[in-house]
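Engineer: One line per chain: the protein sequences are F and W, in this order. Using the working numbering, count along the first sequence one by one with no gaps and you end on 255. Using the working numbering, count along the second sequence one by one with no gaps and you end on 758.
Treat each hint with caution, since some may be false.
[Said to hold, decoys possible] Okay, the calculated beta carbon distance ranges per label pair:
#, chain 1, residue 1, chain 2, residue 2, range
1, W, Leu10, F, Gly188, 31 to 41 Å
2, W, Ala645, F, Gly60, 34 to 44 Å
3, F, Phe44, W, Gly37, 50 to 60 Å
4, F, Ala88, W, Ala645, 30 to 40 Å
5, W, Arg383, F, Glu162, 22 to 32 Å
Rather than coming from a laboratory, the hints here were simulated on the basis of the structure. Backbone N, C-alpha and C define an ideal beta-carbon position, used for all residues, glycine too.
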Amino acid sequence: MTLLTATGLHKAFGPTPALAGAGITVDAGEIVAIMGPSGSGKSTLLHCLAGILTPDAGTVLYRDVDLGSLPDARRSELRRTEFGFVFQFGQLVPELSCVENVALPLRLAGIKRRDAEARATEWLEKLEVAEVAAKRPGETSGGQGQRVAVARALITGPKVIFADEPTGALDSLNGERVMTLFLAAARATDAAVVIVTHEPRVAAYADREVVVRDGRTRVVEPAA
Amino acid sequence: MKGWVNDLALGVRIALGGGRSSWRRLALTGVGVGLGVAVLLVGASMPTAAVERQARQDHSRVVQGQPRPPGAVALYRQYAPELFGGDEIMGSYVVPEGPGAPIPPGLQRIPGDGEIVVSPALADLLASPGGELLRPRFPQRVVGTIGQEGLLGPNHLLFIAGDATIPRTDQTAYYGFGTPAATVTDGTQPWYWALGLIGAVVLLLPVLLFVTIGTRLAGPERERRLAALRLLGAGSRQVRRIGTGDALAGAVAGLVFGVGFFLVLRAFVERFEVRGVSVFASDLTPTPLLGALVVVVVPVLSVLTALVTMRGSLVDPLGVVRRSAPVRRRLWWRLAPTLVGVALLTTQAQAFLRHPSTLDSGPSIVGVALLLLGIPLLLPWLVERSVGRLRGGAPSWQLAVRGLQVDSGSAARLVGGVAVVLAGGIALQTLMIGQEAGVRDRQYVLQDPSRVTLNLEGDAVERGEDLAELVRGTSGVTAAAFQRWFIARMPTQDVLYVQVGSCDTLRQEARIGQCRDGDAFRVAGAAPVAVLPAPGDRVDLLGPGPLRVAGQWTVPDLTAVEPVDGDPHRSGIVLTPAAVRGTDVVFQSSQLVVRIDPSSPDVVDRLRAALGPVGRQAYTRQVTPLDRERPAADYRTLWRLFLAGSLVVVALAGASLLVLALEQVRTRRRPLAVLAAGGVPRSTLAWSVLWQNTVPLAVAVVVAVVVGSGTGLLLQRASRTPLTLDPTGIGALVAGIVAVVLLVTLCTLPAVRRATGATGLRAE
């Protein structure tokens, strides 16, 4: 089942075009890697797919609903309930402890603190970082922080997880560990994953690749 | 040495050379520090203003009854102050003895008979629509304006009129101007100045705090810039010197802005008046010493603050790291100033009770200053402890509280300044309530607001009955009577004031039934204060002028009556005119006693306008309903001045709070953007900013209310005024501060909106 369909996306920042007719589809439970060199527009494509940015032209359909037609509040709600996010760095609230960071999406959904933090602890255990639950992000290693971020992205049971260079700030060993745990957890919840990366090593985890160059997309079929 | 200078210069260049954001930050620091500098410069100008004013006052002063110096020519002068609409109009009528008579300061020549010179402020008042009732009192031809050297201030209401009818006696002869005299004080002055000084402490203390906070705010940005320099090979000491230059640039910008603000204020200063005192623009000039002190202290304070801030962190080539975990704040030394302040104010109250005639305001002011100084010292500790205990709550609350638990110092320091203003305001307000009520009770409780007495002189005495008839036609006048007084000395040597007037006049004093001209009455309450002479007794008649015996008078038959107000202690003799006709009675004074409706607006001014043609020969210094409010109004004026100062300081605090909030949003841009990307509503983030501002402020408000009310009550106790608090006033002050915080949060929202955009997510 197709969850996301983007067609003819155009987006410019001032005189600089970032997307020039890009398009992509994402099916349920599928892992898609968006690749491309720096400045090619891959992050912009991800932001448009997630409803963070509104394209200048083109449409993004999530379950046949045009994200561009939704008001900001509705798009925020969608991101809170249906989507999850993992970024390269600086994504955790530095003042909150790790367990509070993971519990935050549930708290925003109105779940009581105690219950939210209990579920957050379970997710931290699944991602093998239960020992940092009470620590603040600044007191954890890069790999630990990234796994905490993955736990936060997965805790609401999202249908699509957007990851922008999730291992970009990690060494290869930690990157491997994060990707393994991340994708295993995503597959366990049948969530689709859209990963922006410029590392072929990370893209290798994906079911298929989409290459972005000069704002346009090209689908690379998986090797048979 | 050259290296030092180069490093400092490099710091300045770095502060200025960062493009638009650098200039914006510099402008913000400049405005913040500049407002403080402007307030400090006004404070530094106060001695000049006081000295210049005193010099002009001394220059205009005259001494009555001086012996004639050899060859001197007299200026005959009668002082004739007026009251109009609650304002005091000072002035005199003059006539020269001949050529060479002394010319009053500020005048080119002595006005001739029927001429008048007025101060610019009085000229404006006379020309204004509001001066309509005043113009009849000055029918003379205006021939000039009194110059600055003859005025105490630009709003000084003063006239000098020529009048050839002035009695030419030793008592009215003056041979020169410019005699220094002992300082004249009234009962309200020490406390008035004490209040003023406390107000200055309250306003200047936060100003210094904000100067340091303004410098601290730029700290993280400065350290990041310096880290980049370390990467290029700058040593740690060199980096400190460069940082000093960087901080110096902000301080110098603050000085430039401050001088600018001060000059703007100076241009408008002549429009303001405090307690009837206005200041010439030329008087608002900082004394060289204090001015230099401001110019030196502000940059030094900024640089020291920057250096102290840098001590807590290590500027490394790979970035800035905290030197150590934040040290848990200790209470004992923070509490010390508060305890000393309380002790001082308490002992002051005890000393005052032992010696109630004097109140040395020095220890009180030091006590107040220490109590207020204690607030910004206590607040970081209190905020840290308070937020440390907070748990749970909505996500916005949790975000804010956790943020404060990590670093509450900046916010606590900032609200410390606001708390000082608030506490000082509450203390002053509490104290003023007591003083205002005290002044009213002390001075005017016995005044009858429905009665105005006008003294008549010269020709006006002969026309007394006609003038009474004239004023009876004035709107708001319910009755008018002409009365005269003479003084008799009884064999017991007691002096008796005897009133003479028509039956209607006497009925204003005593319950007189049947009456005809020639009747005489003995007024005595149940417990009369004086033993009155009996009919047939012969008593000495005294006067005029120095009390000498002018003849004798035989007391006629008296009809006993009671005082009209039933006062049991009142006693005296009142007569109708025919009862003294043909005797040697010498009248000491002649008066118009006018009954007015005090609720009728401007009735006293209308009454004086009706008597305008009589000029100086009918005058009153009696307190009118409006005048009764004057001392209380003085306190209100001081209060308004303080509020204006508070407004500046709170605006300064608001600006600093805004800069702090924007700085927090900027440094947290990425987490905020990630949260927004994850669907966290912007309202949640906005609320978290609000809570982050509000929680320290709530602690500050509680501390300010406690310290302010406590200080006010201690001062009330010291001055033996009734202990009273003004919840409405305190509420208004708190509401004002809360409104500022809400406004600051509102102003922060666009920055939050920008920070939560997709650009904050970019990692490349």
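Engineer: Give a verdict on every hint.
Structural biologist: Verification of the supplied hints:
For the hinted restraint 31 to 41 Å between W/Leu10 and F/Gly188, the CB-CB distance of approximately 53 Å leaves it violated. At about 58 Å, the beta-carbon gap between W/Ala645 and F/Gly60 misses the expected band of 34 to 44 Å. Distance hint for F/Phe44 and W/Gly37: a CB-CB separation of about 51 Å, consistent with the stated range 50 to 60 Å. Our hint of 30 to 40 Å for F/Ala88 and W/Ala645 is violated, since their Cβ atoms are close to 47 Å apart.
Roughly 26 Å separates the CB atoms of W/Arg383 and F/Glu162, a value that falls within the hinted 22 to 32 Å.
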